[in-house]
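Residue numbers (my numbering), protein chains in the order written: chain A, 1 to 700; chain B, 701 to 994; chain C, 995 to 1309.
Just so you know, the hints here were simulated from the structure itself, not pulled from any lab data.
Nothing here was measured: the structure is a model prediction, and the numbers come from that model.
Heads up, some of the hints might be wrong.
Unchecked claim - Derived contacts from chain B toward chain C, CB cut-off under 8 Å, selection only:
| id | residue |
| --- | --- |
| 1 | Leu-816 |
| 2 | Arg-818 |
| 3 | Ala-825 |
| 4 | Pro-827 |
| 5 | Ala-834 |
| 6 | Leu-914 |
| 7 | Leu-922 |
| 8 | Gly-923 |
| 9 | Pro-928 |
| 10 | Leu-944 |
| 11 | Ala-951 |
| 12 | Gly-955 |
| 13 | Ile-957 |
| 14 | Leu-963 |
Idealized CB from N, CA, C, for every residue including glycine.
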Amino acid sequence: MNSTGTNALRHAVKKSNTDAVLSVRDLTVSFLTNGKQVPVVRGIDLDVFANEVHCIVGESGSGKSVTSLAVTGLLPVTATVSGSVRLDGVEVIGADEEVLRNMRGQDVGFIFQDPATTLNPVMRVGRQITEGQVVHGQLKASAASDRAAELMAEVDIADPKGRVTQYPHQFSGGMRQRAVIAMAMSGRPNLIVADEPTTALDVTVQAQVLSVLLQRQKALGSAIILITHDLGVVAEVADRVSVMYGGSIVETGTVQDIFDRPCHPYTAALLRSVPRIDAGDDRLKTIPGQPPTPAELPSGCVFHPRCALGAGKTRCQTERPQLRAFASGQMTACHFAEEMKPDRPSTTARAIAQAERAEVKPLLEVDNIKVHFPVKKGILRRTVGWVRAVDGVRLSVRPGETVSLVGESGCGKTTFARAIMGLLDVNEGDVRFDGRSIVGLSRKAMRPVRRQMQYVFQDPYSSLNPVLSAADIVAEPMRLHGLFEEMGSDKRIAELFEMVGLSPSMMGKYPSEFSGGQKQRLGIARTLGLKPKLLILDEPVAALDVSIQAQILNLLQDLQRELDLGFLFISHNLSVVRHISDRVAVMYLGKMVEEGACNEIYENAAHPYTLSLLSAAPISNPGMRNQRARIILRGDIPNPASPPSGCRFHPRCFRATDICRSQVPELATQSSLKTTSICHHAGPLDPKEIALASQAEGGI
Amino acid sequence: MRKSFQSAAKTIRNLMSRKGVVFSVIFLGALSFLAIFADILGFDYLTQNLIESLQPPSAEYWFGTDELGRDILSRVVYGTRTSLVTSAGAVTIAAVLGVPIGLVAGFFGGWRDAVLMRVVDVMLALPAILFAMALIAILGKGQMAAMIAVGITGIPSFARITRAQVLSLRNRDFVTAVEAFGGSATYSMFRTILPNSWSPIVVQAIVLASVAILLEAALSFLGMGVAPPTPSWGEMLRTGKSYLYEAPYYAVLPGIILTLTILSFDTIGRAMTDFLEGRHELGDHSSVDAESEK
Amino acid sequence: MISYLIRRILQLVPVLLVASVAIWAMLYAVPGGPVAMIVGQDASQEQIDAATRELGLDRPLIVQYADWVGNAVSGDLGKSIFSKEPVVKLIGQRLPATIQLAVFSLLIALIISIPIAIISALNPGTWIDRVLSSWSALALAVPTFWLGILLVLLFAVELRWLPSASRYIPFWTAPLDAMRNTFLPALTLGVYVSGILARFLRASLVGELRSDYVRTARSKGLPERQIVGGHIMRNALIPFVTIVGLMLANFLGGSVVTEVVFTYPGLGRLLVQAISTRDYPLIQGIILVIIVIFMLINLAVDMLYAYIDPRIEHK
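Construct the entire structure; sequences and hints are all you get.
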C-alpha cells in the first residue's frame, strides 16, 4: 500500500474513474449514552464526485459532523456504525485499522473547525503539515521541510520558509486554518472533509480561507465535503447540497435547486428564517419549536412537529419518509413534497421612519469615547504602552431605534458596549444618557442609570447564574434595586415570562433545564423587569441555531415596538444587522470608520473597509455567486496595541496612498456620499478597483 | 437552596454507584460508630496487664496486646477518635482561614491578591510536615497543638482552590451581569460567586481530611503529636516499631486501619473530583455525539 | 528570558523576606523567649539580664533582625545549643545524605510511575487501568512510616537481606554499599511519590488524548505509536517536569519521617532531634536552608518549563 507503484496506480485509476469518490449507503451511527443506544445518524445515502463541493448543511444535533467522522472511522469507540461507506471503491465500515490508517492522509484529508486546537501546540507547523506524507512513504524525511514550505506557499502563507519552523501560537487564526488546509491536501487526497472550516473565523478571513480552499481543490481535482450551518457559505461554494435534519438527509440537490425550489418543508422554512444581506426584510418567518435532540426524536417524519405542511397529517406522524427522487437531480424525504407551494422570500423592506426619528431627543449619546488598557512589561511591570481597544467612537441611539455596531473580532465593539454600561473605565470622551453625562459615576450614582439601561449577553449558557431558578434570575435585578414588591412580585415575573414567550410554568426550573434559545429569552426577560429604555445587545443571537436565531430576532423587534426600546446592537453578522437596524456604525481596530442609515451602508458604502466587509460576507443566493465583485482583504487584523500609523486600515486597503500612511483621516460628510465615513479616499466602489484589489491578491 | 439540595442528592446517588465509594463510606461509618460509642461498647484502652504484654492476636485480644499488656484493638478504636477529631478540627481551621483568603485575593485582585498570595507562597515553601513541626516547636506538643499546626498547613490549599474558583467565575457573564444590574461587590462575592464555588471547596475538605489524618499520625510517630497515654495511631506505630522482632503485629495492624482510613477519604474525594470534572466532560461528550455547532 | 529570570528572582525576594522574619521571630514566640533558651526557665534575674545584654537582646528588634539576617547571609547561622557546634557545619554534614536519598527516591518513583501512567492512560476504563490506578491510590494512602516498617519487617527481619538501619555511604565511594543502605528508605519514599506522579501523568495523558490535535494526527493516518510518542507525550511531559521538580524539592525536607524510620542520618532527622532538644538555632538554620533550597529548585523548574514549552516567549 505504501509503495510508490500502488500510489501511481491509484492515481491513474482515479483519473479515469467517473464513479463517486465517496459513496455512502444506509449509514447509521449511534452512541451508547447512559446505557441507551442513541441514534445520531439514521440511515443516510450520499455520493460525492471528483471536482465537486458537496455541502452538508444542518443545525446542531442534525448529525452532520458525525457523518463526516464516520467516513474514515474517526468516531470514538462508543459509537456503533453500520451501513456502507466506500471511499475510492474501498469499503470503510468494518475495515482493518491498518487499511483505514493508510486511507487517512492519502485518500482523504480533514479540515476541522477550530484552528486554535487542531494543531499540536508544541510541534513545529512545518513538521505537522508533512508528517502524514512522511509516514505514508510519499516523502523522504529529509525533504519534508522544503515540501512544507512549498505547501505553505500554495495556501498563500507569506514567508513560508520562515514559517515552517514556527509553532502554531505564532500563527494568526486564518493562517493556522490555511496551514491546516495545506496539511489536509499534502497527500493529494481524492476527498477533503471540511467540518465547519470557517465558523471560528472573521468574515474577511473566512473569505480568504474559502478562496484558498477552492483554489487548491481546483488544482488537485479533489472532491470536498463541506459541513456547515451557514447557508451563506453554502450558496457561495457548493455545487451540490444535502440538508440534514434529525440524523437524516431530508433533501439533496444542486445548490441552485435547493435555494430556488426547495422540495422539503424544512429547507424551505430554513431559507425563509435566515435574514438576508442582499435585501432588508420586514420580519423573519420562523420555524416554531426547537431542533430535536438525538435522544428524543419525534415519531414518523422527524420534522412533523415543526412542519406547516404536515400539520394534522397522520402519515407524517407515523411513517418515516424515505429519500426519493423529486425532480432531476433533486431528492426529497417528504411525503407531500408535491404539495409545497413555491414561495420567494418576501422582500418587503422594513419601514424606517428616519425623518420622524430625528426630531426625538437621543436616549444615548456617545461622544468620541476612548478606552485604553495599559500594556505592562519588564521587570517592574511598568506600563510600556496602551491597547487602544476603543479609540474614538461617536454614535447616538433614540427611543425605539436600533443602532448597530458592526465589526470583526478585536475591533473593540464589546469593549465599547461594556464601557457604556460603566463596567469599564472610559479614558476620554463623554457618554450621555437621557442628556446626563454618566462617565466616571460612582457605583451608587450609576445605579439609577442602570435601571434604564440593560445588557443582554452573547452566550446564554454563561450569562445565567446556574444555582438560581429561572424566577430568581428574572427577579434578581428588581431585587437588587429593591423594587421587586413594587413591580408586582411573582405576578410581574409571570408577566415577563409571557412577554418573552416562555411559559410561566417554567419559573421554578434551573438554567440547565432550558435550551439555548429559551435561555436567551430568559436573559432578555431579566433585563425587562426594571422597564429599561435602552438595551445593549452584545451578539445576542451569535450562539444560536439559525431557526432559533430568527425567533429571538422577531421577539426583539416585537418588544421594541411594544415598549419603544432603544437598541444598541453589537454584531459581526452583516445579515442580522441589515435585518434589524435603523442605523449602522462600522468599527475597525477601535475606530469607527463609517456610519449611516442601514440601507445606505449596505447599498452606498464609501469606506473601503465597509466595502470589503460587505464583499466578503457570503450571500444566501447562489445566483449571485459569479456576478458579484469580490474583494479579498489581505492579511489579518493588526494588534490593537501597536496599530498602524495614519489610517489604521491602510496596510490592508486597496485605496491606500502615502497620505493614508502618515495622516489620520477625519470624520467627514461629503454631500455626494450618503454615509459619514472617516477616510481620505471615501467613495463608492469602482469596478476597476475590484480588478486591482484581486490582482494584488493573485486573483481568485 | 432547593437546587443545591437537589444537586447534592444527585451527586450522592452518582457517587454511590461506585463500589469503591460504597466500601469507603461503610468503612468510615463503622469506624466512626466504634469511635463514638467506644465507651458503651466496652472498649478499654487503659487497663494495663503486664503479665499479658505483647501477646499475639487471639480470641480475647483481636489485635494482640502492647508492651504494657493493653488491648491494641481498644487503643486503635480510641485512636480513631483522636485521629478523626484532630483531622476534623484541622480541616475546619484550614477552611475557615483559607476560604476567605482565597475569596478576597481572587475577587479584588491587585495588592490584596499580591500580599495574600505571597503569604501563602511562604507557607508552601516548606513541606507540610516540616511546617507542622516548626509550628509544634513553637506551640509545644499535644493534641491541640497538632490540630492547630496541621490546620495551618492546610490553609494554602483552601486559599488556592477558592481563589482559582473565584478567578474562573469572576469574568463569567453571569457575574458581570450582576454588576451591570447594579449589584454591589459584596453581593457578587457572597451571593453570586460563593454559591457557585462550594463543590470544589467541599472536595478539597475531604481530600484534606485524609492529609490531616496522615500528618497527625506522622507527627505522633515522630513523638510530636498526641502525648501518651492518649491513644493515637501514629504513637502506636512509633512504639510498635521498637518491637518489630518480638511483636510484628503491633505495628502492622494499626497501620492497616490507618491506611484504610486514608484510602477511604481519598477514594471519596477522588470520586467527587471525577464527578465534578466529569460534568464538563459529559457536556463535551454529549456535544460530540450531538455534534458541536458553536 | 533574562528579564523573565530576573523577574522570577525578584518575586522570590518578598517570600524570602517574610519567611526569614517568620523564622527569626520563632525564637521570640517560644515561651520565655530567646533568653530562657540559653539560661533555662528557672534562671535568676541577674542571669537573665546578663544573657540579655550578651545576646544583644536589649537592642531594637529591627537591629536584632538585621544582625541575624546579616550573619545568615554571610554563612553564620549561630551555634547549636546542644552540641555547641556551628549550625552550618551540622547541616553541611547531613545535607549530602538527604540529597542522595532524594535522588534515589525520585529515580525509583519515575521508574514505577511512568510505565503505569502510560499503560493505564492508553487503556482507559479497562481492568488493567483499574488495577494500575488502584496502585496509585494505595501508594498515596499507605503512610510512609508504616510502609517503612513493613519493608523493614520483610527485608531486614524476615529475609535478612538488607540492614534495618541505614547508614549514609556516599555513592561514589562504595556504590553497592550505598545502594544497599539507601534502597529501603528510597523505595519507601519512591513508592509514595510514584502514586502522585502516576496519577498526575495519567490525568494529563488522558486529557491530551482527548485533544483536537490527536484527532488531527489520526486524520493524517499516523500510527497510534507515533501519535502517543510524538504528539501526546510531548504535551504531557511539559507539566510533568514541573511536578517532578516539585517532588524533588519536597524530598529534601519531606523525608523526615522516612529518615526517622530507618535512622538515616539526614537533615530531617537532625531537625527532629533539634526539636526534641529545643535547639532553636539549629531548628532555625535547618528550616531556612530547606526553604532556600526549595525556592531555588522551584526557580530552576520554572526556567526549565519556560525553556521546554515553546508557547512561552523567551527573548
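Okay, the hints, checked on the actual structure:
{"no.": "1", "hint": "Leu-816", "result": "12 Å, violated"}
{"no.": "2", "hint": "Arg-818", "result": "5 Å, holds"}
{"no.": "3", "hint": "Ala-825", "result": "5 Å, holds"}
{"no.": "4", "hint": "Pro-827", "result": "4 Å, holds"}
{"no.": "5", "hint": "Ala-834", "result": "6 Å, holds"}
{"no.": "6", "hint": "Leu-914", "result": "6 Å, holds"}
{"no.": "7", "hint": "Leu-922", "result": "6 Å, holds"}
{"no.": "8", "hint": "Gly-923", "result": "7 Å, holds"}
{"no.": "9", "hint": "Pro-928", "result": "15 Å, violated"}
{"no.": "10", "hint": "Leu-944", "result": "6 Å, holds"}
{"no.": "11", "hint": "Ala-951", "result": "5 Å, holds"}
{"no.": "12", "hint": "Gly-955", "result": "4 Å, holds"}
{"no.": "13", "hint": "Ile-957", "result": "10 Å, violated"}
{"no.": "14", "hint": "Leu-963", "result": "4 Å, holds"}
Violated hints, in rising order: 1, 9, 13; the structure is consistent with all others.
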